[in-house]
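Peer 1: Please take these sequences and the hints and turn them into a complete structure.
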Amino acid sequence: MLTIEFVLLATVSLALGSPAASGKRSITIPLQRRSAPPSSVNITELYSRVNSLVAKYEAGIAAHNLNTGSAHQLQRRSSTAEELKVEGGGTLWEGLITVGSPTQTFAVNFDTGRADLILPGPDCTTECRGRTKYDPEGSSSSVDAGNFVFYDQEGAVRGEVYRDEISLAGLSVRNQTFGAALTYTSAFALSVAPADGVLGLAFGSASMFETTPLVQALFARNELAAPVFAFKLTAAGPELSLGGVDSALYTGGFTYAPVTAEPFWNIALDGVSVDGAVVLGSAQSMIDTGTPLIVAPSAQARQLYAAVPGSGSVRGPGGSEVYTFPCGAGTTLSLIFSGRAFEVPASMFELGPADGEQSGDCVGAVVGSDQVSFWVVGDTFLQTVYTSFDMAKRRVGFASLK
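According to mature numbering (1 follows the signal peptide of the UniProt record, and there is no 0), the sequence shown holds residues -17 to -1, 1 to 385 in order.
Quick caveat, the hints were computed from the structure, so don't treat them as lab data.
Since the structure is predicted, the reported quantities are computational estimates derived from the model, not experimental observations.
Cβ coordinates follow ideal geometry from the N, Cα and C atoms, glycine included.
Hints are not guaranteed to be accurate.
Stated by the list, open to error - Label-pair distances were calculated between CB atoms; the ranges are:
| id | residue 1 | residue 2 | range |
| --- | --- | --- | --- |
| 1 | Gly343 | Ala289 | 32 to 38 Å |
| 2 | Gly121 | Arg204 | 24 to 30 Å |
| 3 | Asn130 | Thr88 | 50 to 56 Å |
| 4 | Arg157 | Pro105 | 17 to 23 Å |
| 5 | Asp338 | Thr88 | 32 to 38 Å |
| 6 | Ala329 | Gly264 | 22 to 28 Å |
Peer 2: Listed below in structure tokens is the structure:
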């Protein structure tokens, strides 16, 4: 049973795949579940995660607008001028990178909903306890490139911008730009985001630092077999592959959907069904490994749950709306991409009862929000498929898991 406190972490080892004939490589990073999910849902934390998720996308869209000089097509038309924001919590998948000369090792979350690498800086105090801090004085290749400030729902995240050598699974990029935080807000609390930092996998126009994201930079070095990365996000044998897909993890072919709006992995959602009956038509969606949730525009969430017998809703802060329905109802959800329906089984759609709730109702995995005009498709769905992200052909592919 998936809950809002469900967190998956990578093992400390990174496995290198066999080199291809050309010398290019595919790299496999094994992942594992950090702990068993709790049996109930913390509604307050769920609201906080939704609001932080919205802030993350506002930050990326704002950076895209600045970097490209044009407004993103999914920017909320009703929004007024806001300070740049970055989402703190909610990222789920973690692996190891090294930074500097000699190397310093960090655990980072892999997040397709952002572009930048952010680590704790040397002067980060209380908020960074329990995390490894970047030490520029300890790296002979470190270059200070200025200051930055982001905002999340809890306040400012400030720090320094650096350039240094960064390595992932044995492949290195010199003079890679990243942020080292001086302050973390409560959205970066260890209980919410236990990694040292976050590594973005979105496109470069979402970068706050106007830099090429690390994985794209690795692809640009022409050392990987293909400009593709892929996730298997399941309890049994989860992994991240760089440089291609792992054919041992899926069956049949991929169903691909083209990216419709960078800088995120934004693809068309053809429809949504409940128990096999289509209840919603086409919409836009963001495929996001950085959240455990599925978030929908409020009106569409209400329409979806109108088809779920016995459902009710609880309105929260920031325009978020959580829905409940009878536990054990067996209701299934399907998302339709490129004409193919992918089912989220009842065990995943039903997150569990709210903390302290004795009514027999459980929280649904789709949360409504007034602050989004698109669906955010997170790990509740991604755990049911093998997902390929193709950076050259600008497409996302889904295949059935073995």
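Peer 1: If I claimed the Cβ atoms of arginine 157 and proline 105 lie 17 to 23 Å apart, would that claim hold in this structure?
Peer 2: holds (21 Å)
Peer 1: Lying within 32 to 38 Å: is that true of the beta-carbon distance aspartate 338 to threonine 88?
Peer 2: Given a distance of about 36 Å, which is inside 32 to 38 Å, the answer is holds.
Peer 1: Just tell me: holds or violated, for the beta carbon distance of alanine 329 and glycine 264 against 22 to 28 Å?
Peer 2: holds (23 Å)
Peer 1: Lying within 24 to 30 Å: is that true of the beta-carbon distance glycine 121 to arginine 204?
Peer 2: holds (25 Å)
Peer 1: Honestly, do asparagine 130 and threonine 88 meet the 50 to 56 Å range at C-beta?
Peer 2: Violated: the Cβ-Cβ distance is about 25 Å, outside 50 to 56 Å.
Peer 1: Does the hinted range 32 to 38 Å hold for glycine 343 and alanine 289 at CB?
Peer 2: violated (20 Å)
Consistency note: the structure conflicts with the earlier hints numbered 1 and 3.
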